[in-house]
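Chemist: Using the sequences and the hints, build the whole thing.
The chain contents come next:
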Amino acid sequence: MLVSGSGRDAVGQSALRLLMQRLPGVSAIDGQASTELPVLSDPPVLRSAQLVEGSVLRAIKVQAAPADIQSGFGAFLDGAQRVQIMGHYAGIPIVYGTASAAIRIRLNRRMATWGHQPPRVQRKFFLPLRYLPALGDVASFGGVTGLEIVDTSKPDRAGAFPSLHPTALLERAMRAVDDMREQLEHQLAEAWCAVGEAPLFMDGGISGNPRVASSACAIGVVKSHRTLFVEDDALRTVFGLARGERSSVFRVSPRSRSSVISWYLRVREARGHDAMWGLVRVEAAECDRPAERAEDISRWVMAEMSPLSLPDGRWDKMAYGVRDCEEFLRAIS
Amino acid sequence: MIHLEALGRVVATERMPNTPHEFHFWTAIDSPVGIGTIVLVEGAQPVDGQIPRIYGIIVEGFSYTDLQSPLHDVLGHDGSPAQAGFASTERTEIRLYTAAVLRQIPEEPLQPVPMGRVFLAGEEDVQVALRMDGYLRDGAHTGIPIGVYRAGGTDAVIYLDADFLLGPEAAHLNITGVSGLATKTSAVEWLLASLFTHFPEDKGSIAAVCFNVKGPDLCYLDQPGRIEGTDETLYEKLGVVPKPFERVEYFAPYTAKGLSLNTFRNNEALLDNVTPLSWGLREVLQFAEVLLNKDDIDAKADALIDFIKENVVDKEFSDPVLQKKHTVQSFADLDAWFRDVLQGMERKDGDSWRTHHVATIRKVRNRLSNISTRCAGLVTDSGAVSDLPFGSFADRTVYVVDVANLEEDAQDLIFARIVSKLREHLERRDLGVKHLVVFVDELNKYAPGDGADTYVRKMLLDIAERGRYLGLVLFGAQQFRSQVHRRVVGNSGTALFGRMDPDELSTPGYAVLSPATRTKLATLEKGQLMVRHPHFTQPIFVRFPRPAVMQGREGAERYPQSNEASIESAVLRSLRPLDPSLTLAWVQDITALYTEQEVLRARNATLLARPADVKAYFSSQFRKIIPAQPAPRPLATSVRSAPENDPYGF
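Residue numbers (numbering that gives the first Met the number 0), protein chains in the order written: chain A, 0 to 332; chain B, 0 to 649.
Derived from the structure by calculation, the hints contain no laboratory data.
Cβ coordinates follow ideal geometry from the N, Cα and C atoms, glycine included.
Do not take every clue at face value.
Stated by the list, open to error - Short derived list, chain B residues pointing at chain A, Cβ under 10 Å:
(1) ASP65
(2) HIS71
(3) HIS76
(4) PHE85
(5) VAL147
What the hints assert, rightly or not - Which chain A residues face chain B? A few, computed with CB under 10 Å, are given here:
(6) SER70
(7) MET110
(8) ASP232
(9) ARG235
(10) PHE238
(11) SER305
(12) SER308
(13) LEU309
(14) ARG313
(15) TYR319
(16) GLY320
(17) ARG322
Modeler: So this is what it looks like as structure tokens:
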């Protein structure tokens, strides 16, 4: 997932002009001015998970495949999002968000865009309509500009409205953009799984969509570890994984998400780095032989670590195919 | 016409912008383009109501990946190149090309190349791109095929404009390339064949004089050579019949001994169109300054030579100091004249004669007499002349003058005199042809950029600068263009480049070419040329077919050079092409009583006259000699017998 806060496109500029006509008090922000965006992240937690392979989580050496055995992945899916604060209305941020997703397939070892489903790019304004003067017909705004307005001031599940604090409003908008990106990714992943071609390497988890989570075609590779599905000794085992070692397979069943099997895999030697260096968590659909499945997929994931995805800062965990997706999305969105 | 599928897209950045003369585009990895490929850009926005079309030729290429440091690749493969081959994914790679603009349509306003799709140029596009459409029109076709441009399935004939190759607009051609790769000579042989085939009839007649300055390369132009299937295809495409030249005349002086012709082409089987080249005093004296260096020709010597030219040669000359009247027509006559003058001065004990000091007279005698020695075989003492057919040159004929085995002095004399005569006749419009190509190889040597200002260099400069107005066109060749006089190469409207020496390419004259173009020039295959022509705004790479004439090495093996044998054998070899019934016994019988000089003079006269009855003509050249009667035997006288008892014989 690529997150960016810079850049401005012509569609957004023209939409902003229209918005300023309807909201005369809006002050635009210079496109070149940098805007510091808050970092959205869940609180770090340790969570236990049900083991599927064996009774104790242990480190398992992934059997090295012959050098000429290629990865089984046939494609890569990733999404990107960009959030821009284009203006303020009495301190309320006018947020313009762009989300995109693409599947890049591998043909003769070279990456190309999947032909069945074109890459998805969506742009929207994210406004707390509750705190703004009436814009008139919001639907007509979308008809004129081609840009939908998303209301970020709706009450949450508990019925609470967001604070008028600009940062709180901005965070709401950013989460909405995040959701928009995730939806696009799921749409493409579903389409891929429906065709049933070669396994798809998804950047991130697969449990957010039931169809994808149950498909053998989708493999999720998670690079961030705000939630670690191990505790106590198992945590030490995971941090002690050497390059080419995986953990035992366990089941991840988050609330409101689908159940999938998962395991940790160390793709680069962590000596001299922090404990999370080169550590990924792989997610796959439930299956009859999880250990064998984990063995095969781990081998594929290891194979995808070459070539390096430098200069991306997450190169220790990032597959080159994912970086290719991000570069592609950067070019088109 | 435009190919339907685009092969690239124009790109430009602030750091790498497009200009009116250059643009950049990327292609797929497997796109069939490379250095020298001609492409067409179709703009997206109309200019003055017309979609701009830009023709360009690729002059540089770049390839790179998203790799930021080579170290990243090392790390990615754990320092093992062997593992690199098994990576599941190849890095994203780009093929980025830079093209030089050949032509923009519309030509005004001249704007930077716009963004747009890039197509491979088809055959018609190539004609437009190189402005050949201007001289390939029906009714005004002056195109001379030089070769075929090939790229990505496009085969387009490249034409030179005859008006810019042979005048009057521009003229002359210069060829550069390393030796031994069959480029320079082959290219000229091919181009002459093309020229003779395609030179427009309405522009008049054309012939070529080729100086063979080294080896046997030009000695078999009338003999068929081996060509391959690919060459035949090229010949068909270029509209030239693959056959040797129909009309070729060879000229070569004799060897110093005078028995055989001093050429690789002196095999008896090939002598029928080989004419001896021999000059007498009159021919040489006009160009004496070619053979005399600056130390020789001071003002006094020059004055005496002028006096001799004006008053002595071919005139009945008498003077009180001389013992007899002289009619000087040969070097032998001239030497006799000098001897008489000097003896007369000795008799009078005088230091000067007609204002010429005795030392000057001795010096000029020494230098002039020396010419026949230095140019033996070419210059005859007798004054007999055998020359090129000035005044009756024939259309589409190649005249080869073989000077390969001659001393430098003799080569210089031949160059100077033949070219001067050609120029004289072209000025008078009585050469026999309207246009004449003169091919000279080794311009490094004959028209060097530095060194002494020789007569030959002055003459070549003169052709280069003024020849086109006369129809006298120089096709020059050399290995190192940078070492040829700038005005000679600078006046060549058309330039061909075969495979080049890297050292030569590093000289400033090639700085206008991109590094990629220079690299391509250094690695050109046989049969490939880079062409510069006034209509082409950028050099173009072409292929030309192997000449359909026998190559020098093959000819030398098939028709080995004849050795100098006996004088009778030499005479027989020379005359038998005129009369195959001649036999060695007949020649021996006729020549038995005569000196070698007389025999050679008779042979030369016969070769010059080419009579119907060779035997009768040859025999008639000898003075009558009444065979000496054997002396009568003295009458036998009786010998007195001595008395047996007379010990003293009384």
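Chemist: Run the structure past the numbered hints and jot down the numbers of the failing ones, going up.
Modeler: 5, 8, 9, 10 and 14
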